[in-house]
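Participant: The lines below spell out each chain.
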Amino acid sequence: MFIQMKNKNKRAQDKKQAFSLHSKRAQEEMIGFALIIVIVAVILLVFIGFSLTRESDRVESYEVESFIQAVMQHTSDCRDNLERLPVQNLILKCRSNEICIDNRNTCDVLKETLEEIMSESWKIGDTPVIGYNLSIIMENQQVMSINAGNKTNNFKGSLQKLPHDIEVLLNVYY
Amino acid sequence: MIIVYANYGNNMRKIRTKAQMKIQQMAFMLMAVTLFFILVGMFALVWRFSGLKSSAVELEERNAMLLVTKLANSPEFSCGNSFGGTKINCIDADKVINLKVNINDYIGFWGKGVSNIKVETVYPINERIDCTLKNYPDCSVIDLFEKGIQGTATWNFVSICRKATDEMGVYDRCDLGKLYVYTNEEQE
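For the protein sequence lines, the chains are A and B, in the order given.
Just so you know, we're using our numbering here: the first sequence kicks off at 1 and counts up by one.
Just so you know, we're using our numbering here: the second sequence kicks off at 1001 and counts up by one.
These are computed hints drawn from the structure, not numbers from a lab.
Glycine residues also receive a C-beta, built at the ideal position from the N, C-alpha and C atoms.
Any given hint could be a false lead.
[What the hints assert, rightly or not] Calculated cross-link-like contacts (lysine to aspartate or glutamate; reagent style EDC-like; alpha-carbon spacing at most 20 Å):
#1 1053(B) with 63(A)
#2 1095(B) with 1138(B)
#3 1163(B) with 165(A)
#4 1022(B) with 28(A)
[Claimed, not checked] Simulated restraints, written as ranges between beta carbons of each label pair:
#5 141(A) with 1108(B): 52 to 60 Å
#6 1088(B) with 139(A): 24 to 32 Å
#7 1045(B) with 104(A): 55 to 63 Å
#8 1023(B) with 152(A): 50 to 58 Å
#9 1152(B) with 40(A): 45 to 53 Å
#10 111(A) with 1102(B): 51 to 59 Å
#11 152(A) with 1018(B): 22 to 30 Å
#12 1025(B) with 40(A): 16 to 24 Å
#13 1028(B) with 47(A): 19 to 27 Å
#14 135(A) with 1046(B): 31 to 39 Å
#15 1152(B) with 36(A): 48 to 56 Å
With the rest of the complex left out, here is chain A (with noise of 0.2 Å):
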């Protein structure tokens, strides 16, 4: 008799301990599975918040070409011995340091026309327009640039290359 009860407590106990185990496995399991969801989670959040604050490359803007080209052939109040120079040749004689025939610098000239078309033509404000960035790029080297307003990610340009390795290059902000 008591040999049975015994052998009875013996197996409550080794019951006992195996439900502990079970249990114990069964909470490391969900412990494991939120641990996942967690992971994944994060790695969402880091993909989403990437993608949203990368710096977005520049959209080829027909209106910004336009524009570019429509300036290019303005005619400035500069004039050499021959003409009333555009700005693309404005543009080539500040290069060559040159100056208009009533002995104002050529890059002078060329900054001022520049300044009073971009502000007239992309008005900060009363547009979506929120900056702008015109530069004109010789040789690898920036020699002029035009900003006003603020930068975003979200923006319009366009790259106008000229003789002699010039390149204008203009952003509009939104």
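Fit chain B to the supplied structure of chain A, relying on the hints for placement.
Facilitator: Frame of chain A, contents of chain B only:
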């Protein structure tokens, strides 16, 4: 003689509880996996549609620019070779002012959808004065049909050129401007 007591009822209850827990675990897992895929799907859809929207806007802008560019480079507007070589997106203002005078001959010429065409000088800054034969070129806007804003406006930057005179004689003068084309879908 050894008597063994077996309590099957208790064991069965434990097995049932364990099975229920497993089912609950599976249900929870299935729900979580489904939710996860729904979230991923929604994210992918939003990503895809945002791309579509930007391409649609880009396409719309491109079409509008093409319409205006096509018009600017048509013989009725373009500079041709009058201002030292071929220029693109260049409008001969002298041609346009004469076109305005004879505009009755051009009704329906650009299709019924085009309700108005306007050429406006942006720089140098002038007071906004509508052009007529009397005040040209001391004006800034050539409104071809004189209908003002009608329908949807599409515009592009153009170069507005004309022959001008100063103390040195006649010279080619090009200003920065905008060409507006107003289209009215109801008229098409």
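Participant: Let me make sure I understand: some of the numbered hints might not hold for this structure. Which ones are they, in numerical order?
Facilitator: Violated: hints 3, 10, 11.
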